[in-house]
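Peer 1: Letter 113 of the sequence shown, counting from 1, is numbered 113 in the numbering used here, and no numbers are missing.
Distance ranges between label pairs, derived from CB positions:
| no. | residue 1 | residue 2 | range |
| --- | --- | --- | --- |
| 1 | THR92 | SER119 | 38 to 44 Å |
| 2 | GLU86 | ASN121 | 47 to 53 Å |
| 3 | GLN40 | GLU122 | 42 to 48 Å |
| 4 | GLU122 | GLY96 | 34 to 40 Å |
| 5 | ASN84 | GLU110 | 36 to 42 Å |
| 6 | ASN47 | SER114 | 47 to 53 Å |
| 7 | ASN107 | LYS81 | 37 to 43 Å |
| 8 | SER42 | SER114 | 30 to 36 Å |
| 9 | GLU110 | GLY35 | 38 to 44 Å |
| 10 | ASP95 | ASN47 | 20 to 26 Å |
| 11 | LEU97 | ILE120 | 32 to 38 Å |
| 12 | ASN84 | PRO31 | 15 to 21 Å |
These are computed hints drawn from the structure, not numbers from a lab.
Even glycine gets a Cβ: it sits at the ideal position worked out from N, Cα and C.
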Amino acid sequence: MTTNWNELNVSRAQWSIDSYCLGNTDDKCQPCQFGWFLSQPSCYAINDPPSPEEITEEADYVNAPEGPADKKATRPESNVKDLNAEIKTLTTQKDGLTKQIQEMETNWNELNVSRAQWSINEYCKLGEGMLRNH
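Please take these sequences and the hints and turn them into a complete structure.
Peer 2: In C-alpha coordinates, the structure reads:
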(Lines of atoms letter the chains of each structure in order from A and count residues from 1; the text may use other names and numbers.)
(Lines give C-alpha, C1' and ligand atoms only; values in the text may rest on other atoms or scores of the structure.)
Protein backbone atom coordinates (compact mmCIF):
# COMPACT_ATOMS: atom_id res chain seq x y z
CA MET A 1 0.00 0.00 0.00
CA THR A 2 2.86 2.40 0.83
CA THR A 3 4.40 1.81 -2.59
CA ASN A 4 1.13 2.72 -4.32
CA TRP A 5 0.83 5.96 -2.33
CA ASN A 6 4.45 6.84 -3.14
CA GLU A 7 3.84 6.23 -6.84
CA LEU A 8 0.67 8.33 -6.71
CA ASN A 9 2.49 11.18 -4.97
CA VAL A 10 5.32 11.05 -7.51
CA SER A 11 2.89 11.13 -10.44
CA ARG A 12 0.94 14.03 -8.88
CA ALA A 13 4.19 15.91 -8.32
CA GLN A 14 5.21 15.30 -11.94
CA TRP A 15 1.81 16.55 -13.13
CA SER A 16 2.30 19.73 -11.09
CA ILE A 17 5.74 20.27 -12.57
CA ASP A 18 4.43 19.68 -16.09
CA SER A 19 1.47 22.01 -15.57
CA TYR A 20 3.27 24.91 -13.98
CA CYS A 21 6.89 24.70 -15.08
CA LEU A 22 7.24 23.24 -18.55
CA GLY A 23 6.49 25.35 -21.58
CA ASN A 24 7.27 28.67 -19.93
CA THR A 25 9.50 30.77 -22.12
CA ASP A 26 12.03 31.52 -19.40
CA ASP A 27 12.07 27.91 -18.09
CA LYS A 28 11.04 29.05 -14.61
CA CYS A 29 8.09 27.76 -12.67
CA GLN A 30 5.08 30.06 -12.64
CA PRO A 31 2.39 30.13 -9.95
CA CYS A 32 -0.37 29.62 -12.55
CA GLN A 33 -0.82 27.68 -15.75
CA PHE A 34 -0.19 29.48 -19.03
CA GLY A 35 -3.03 31.89 -19.81
CA TRP A 36 -4.26 32.03 -16.20
CA PHE A 37 -3.93 35.04 -13.92
CA LEU A 38 -2.75 35.07 -10.33
CA SER A 39 -4.90 36.79 -7.74
CA GLN A 40 -3.43 35.83 -4.39
CA PRO A 41 -3.69 33.04 -3.44
CA SER A 42 -5.52 31.56 -6.46
CA CYS A 43 -5.30 31.40 -10.24
CA TYR A 44 -8.16 32.46 -12.51
CA ALA A 45 -8.91 32.07 -16.21
CA ILE A 46 -10.97 34.90 -17.67
CA ASN A 47 -13.22 34.28 -20.64
CA ASP A 48 -12.92 37.50 -22.65
CA PRO A 49 -14.99 37.23 -25.84
CA PRO A 50 -14.29 39.59 -28.74
CA SER A 51 -15.77 43.08 -28.57
CA PRO A 52 -18.90 43.76 -30.66
CA GLU A 53 -16.78 45.63 -33.21
CA GLU A 54 -14.76 42.46 -33.81
CA ILE A 55 -17.84 40.35 -34.59
CA THR A 56 -18.34 40.14 -38.35
CA GLU A 57 -21.61 39.63 -40.21
CA GLU A 58 -20.36 36.17 -41.16
CA ALA A 59 -19.83 35.30 -37.50
CA ASP A 60 -23.29 36.70 -36.76
CA TYR A 61 -24.73 34.47 -39.47
CA VAL A 62 -22.97 31.39 -38.08
CA ASN A 63 -24.18 32.15 -34.57
CA ALA A 64 -27.75 32.87 -35.75
CA PRO A 65 -28.77 30.19 -38.31
CA GLU A 66 -31.89 32.13 -39.31
CA GLY A 67 -29.67 34.78 -40.94
CA PRO A 68 -27.63 37.88 -40.10
CA ALA A 69 -28.87 39.59 -36.98
CA ASP A 70 -30.14 43.16 -37.18
CA LYS A 71 -28.34 43.95 -33.94
CA LYS A 72 -24.91 42.74 -33.05
CA ALA A 73 -24.22 41.31 -29.62
CA THR A 74 -23.04 43.86 -27.11
CA ARG A 75 -20.95 43.42 -24.03
CA PRO A 76 -21.36 46.32 -21.64
CA GLU A 77 -18.33 47.27 -19.61
CA SER A 78 -20.44 46.77 -16.50
CA ASN A 79 -20.21 43.01 -17.16
CA VAL A 80 -16.44 43.17 -16.74
CA LYS A 81 -16.87 45.16 -13.52
CA ASP A 82 -19.46 42.65 -12.32
CA LEU A 83 -17.07 39.80 -13.11
CA ASN A 84 -14.24 41.46 -11.20
CA ALA A 85 -16.56 42.07 -8.24
CA GLU A 86 -17.69 38.44 -8.32
CA ILE A 87 -14.09 37.20 -8.43
CA LYS A 88 -13.32 39.37 -5.39
CA THR A 89 -16.40 38.04 -3.57
CA LEU A 90 -15.50 34.43 -4.37
CA THR A 91 -11.94 34.99 -3.22
CA THR A 92 -13.20 36.45 0.06
CA GLN A 93 -15.58 33.51 0.54
CA LYS A 94 -12.77 31.06 -0.24
CA ASP A 95 -10.54 32.77 2.33
CA GLY A 96 -13.33 32.47 4.90
CA LEU A 97 -13.81 28.78 4.13
CA THR A 98 -10.06 28.22 4.34
CA LYS A 99 -10.07 29.76 7.84
CA GLN A 100 -12.99 27.54 8.87
CA ILE A 101 -11.21 24.44 7.58
CA GLN A 102 -8.05 25.41 9.45
CA GLU A 103 -10.07 25.87 12.64
CA MET A 104 -11.72 22.47 12.13
CA GLU A 105 -8.32 20.86 11.57
CA THR A 106 -7.06 22.47 14.79
CA ASN A 107 -10.08 21.14 16.67
CA TRP A 108 -9.51 17.64 15.23
CA ASN A 109 -5.85 17.79 16.19
CA GLU A 110 -6.77 18.80 19.73
CA LEU A 111 -9.34 16.00 19.85
CA ASN A 112 -6.77 13.47 18.59
CA VAL A 113 -4.25 14.64 21.20
CA SER A 114 -6.81 14.36 24.00
CA ARG A 115 -7.84 10.88 22.78
CA ALA A 116 -4.20 9.84 22.66
CA GLN A 117 -3.66 11.18 26.17
CA TRP A 118 -6.75 9.33 27.40
CA SER A 119 -5.42 6.11 25.81
CA ILE A 120 -2.05 6.57 27.49
CA ASN A 121 -3.71 7.24 30.85
CA GLU A 122 -5.93 4.16 30.54
CA TYR A 123 -3.01 1.99 29.45
CA CYS A 124 -0.94 3.21 32.40
CA LYS A 125 -3.80 2.52 34.82
CA LEU A 126 -4.06 -0.98 33.41
CA GLY A 127 -0.30 -1.47 33.79
CA GLU A 128 -0.35 -0.27 37.40
CA GLY A 129 -3.12 -2.74 38.20
CA MET A 130 -1.14 -5.58 36.67
CA LEU A 131 1.95 -4.66 38.70
CA ARG A 132 -0.03 -4.64 41.94
CA ASN A 133 -1.50 -8.08 41.23
CA HIS A 134 1.94 -9.71 40.85
